[in-house]
Amino acid sequence: MGNGARGYEKESRSGRGLALVMESGSAEMIRGTENGRQGFVHSALLYHSRREYLDAVVPFVLEGLAMDEPVLVAVPGDQLGLLRDALGGEGSTTGLQLVDIVEAARNPSRFLALEGSFVEVNADRRARIVSQVCWPDRTADEFSACKQHEALVNSAFEGRQLTALCLYDAERLADDVLTSACATHPVLWKGGSLQPSADYSPDDVLAQCNQPLPANPGAVTYMVRKSSDLRPARSFAVNYAGWVGLSQDGIEDLQLVATELATNSLMYTDGACRLAFWRDDDHLVCEARDNGRLDDPLVGRLDPGPTGPASRGLFLVNAISDLVRTHTASTGTTIQAFLRLDSSTGPIS
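Under my numbering, think of the first position of the sequence shown as 284, with each following residue one higher.
Calculated from the structure, these hints are not laboratory results. Note that the structure is predicted; figures quoted are calculated from it, not measured. Certain hints may be false.
Claimed, not checked - Simulated DEER-style distance windows between Cβ atoms:
| hint | residue 1 | residue 2 | range |
| --- | --- | --- | --- |
| 1 | E441 | V503 | 39 to 45 Å |
| 2 | M506 | Q380 | 24 to 30 Å |
| 3 | S530 | N499 | 18 to 24 Å |
Where a beta carbon is used, it is the ideal one built from N, C-alpha and C, also for glycine.
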């Protein structure tokens, strides 16, 4: 380890931090995962201070590297800098990947693909992930998508040799977000030790987040009933995008999003797709409505690869969009994709 890492260890051992976590928290997790017995461990830390944050995350990362477990750390940029300092430059260590999650997963629906890729690349060994999908500056719509993501992680990585630590700022996040953290994580870090979550109920969270998305009465619409309608639908979308001021890159993205959503409807439903477009503050929204039902909530969130064309379209929509909202029921499915009108990186309001 570098000198900075040793310095942090010495500082923590002089207090209650690393020693406590090593004895009853992270070490407990490690003992349980020896010889692959534990499978997927999905834990959450609701932290109240920077000290508590570092006392959990830094040992978790360093222990993983010491055990030859690759570690992905995906947190907001300011926290990334904090961890780099605490790790003493360990960001260049083989096996450690640092990612600014604000840039990589502004759309929470695409973070699972990043995690999945990391797990697949390291499929020959146990791996670790530290993530902070729910950072405080997100909006209500984004938080709803974050809750869905955390609930789906459990089934996405069931049986995989993976230990995940998800971070929640208990001082700045709303109570409903913290409550959801307890419902989507089977184990919680409390007082330096892992404890089962008595409120674990990910299916309930998914049901709560699957709420109808009201149609916008001011939207412009285009009906796609057959494949020959796709080209004029793209032209319709381009004209509207130019009118509201979407950039050239954004227009190309919109064409792809509209095409993939409409094509998906034509392939997997027996009816038409109603495309709708409107401006929502600093974003252009592309909505697709059809009479089908999306039975697998993981569709479009994990890279389907070249042999999985059925979900390739929705995967591309998630990869391109700044936010994707979905509601599905026996009466039909609605998908809303948000595209930013400018190059800013602020949250969707």
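| task | Go through the numbered hints given earlier and state which of them the structure violates, listing their numbers in rising order. | result | 2
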